[in-house]
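Colleague: Given only the sequences and the hints, what does the whole structure look like? Please build it.
Given next are the chains, with one letter for each unit.
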Amino acid sequence: DTEVTQTPKHLVMGMTNKKSLKCEQHMGHRAMYWYKQKAKKPPELMFVYSYEKLSINESVPSRFSPECPNSSLLNLHLHALQPEDSALYLCASSPSGGRSRRGLGEQYFGPGTRLTVT
Amino acid sequence: AQSVTQLGSHVSVSEGALVLLRCNYSSSVPPYLFWYVQYPNQGLQLLLKYTSAATLVKGINGFEAEFKKSETSFHLTKPSAHMSDAAEYFCAVSQRSWGKLQFGAGTQVVVTP
Chain A
4 DTEVTQTPKH
14 LVMGMTNKKS
24 LKCEQHMGHR
34 AMYWYKQKAK
44 KPPELMFVYS
54 YEKLSINESV
64 PSRFSPECPN
74 SSLLNLHLHA
84 LQPEDSALYL
94 CASSPSGGRS
104 RRGLGEQYFG
114 PGTRLTVT
Chain B
18 AQSVTQLGSH
28 VSVSEGALVL
38 LRCNYSSSVP
48 PYLFWYVQYP
58 NQGLQLLLKY
68 TSAATLVKGI
78 NGFEAEFKKS
88 ETSFHLTKPS
98 AHMSDAAEYF
108 CAVSQRSWGK
118 LQFGAGTQVV
128 VTP
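Going down the list, the protein sequences come from chains A and B.
Under this note's numbering, think of the first position of the first sequence as 4, with each following residue one higher.
Under this note's numbering, think of the first position of the second sequence as 18, with each following residue one higher.
Pairs of lysine to aspartate or glutamate, DMTMM-like flavour, derived with a Cα cap of 25 angstroms:
| # | chain 1 | residue 1 | chain 2 | residue 2 |
| --- | --- | --- | --- | --- |
| 1 | B | 117 | A | 87 |
| 2 | A | 44 | B | 105 |
| 3 | B | 117 | A | 27 |
| 4 | B | 117 | A | 55 |
Label-pair distances were calculated between CB atoms; the ranges are:
| # | chain 1 | residue 1 | chain 2 | residue 2 | range |
| --- | --- | --- | --- | --- | --- |
| 5 | A | 73 | B | 88 | 42 to 48 angstroms |
| 6 | B | 68 | A | 59 | 22 to 28 angstroms |
| 7 | B | 22 | A | 60 | 22 to 28 angstroms |
| 8 | B | 26 | A | 61 | 20 to 26 angstroms |
Simulated from the structure, these hints should not be mistaken for lab results.
Beta carbons: idealized from backbone N, C-alpha and C, even for Gly.
Modeller: Okay, structure coming up:
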């Protein structure tokens, strides 16, 4: 099973709202990722967690706050977003997290959350 | 920094014809190489991944890719296009077994009857 699940599928929020995106995988993967994808563009990396610790932050604005409560869950907390933050947010996981050589670098993506900021 | 170039942002093929999507990477060391497909309003699905065991890699849905170190290329092919192949295709590379995936700009494939 190579399934990554994300909830919700769609989210509409105002600029003063606080919301969270959730991601879950039960494949025993050691690294988890958040990507942002605008229409007609490739995904852009936001954050990487390796063994539940934040390893990479691609200079993402603080209005996006990631959290990794355990090895299977990844959250993205949203606060005071701007309309330009509207996008498809993708979660991914990979077998290797750096301490092992599991896998060949492949990442498995969830279906995404379509976020609209009004 | 490594980069990935996909030639052609749009490719139109007839049903039953060969599909060829080009990908070139810039790296002095063969990186980890992948092709992903994205259908409208969906996430990315892994089509295939390069392993050093063979230069010709077979993936899902009848796709395959050939690694050519001398040309720093990893082109994707399918002998006979099907209507269900209409999607966006991304080539991606990584320099290690985890971490940042560098994506190409993507190629939109349209299949005509």
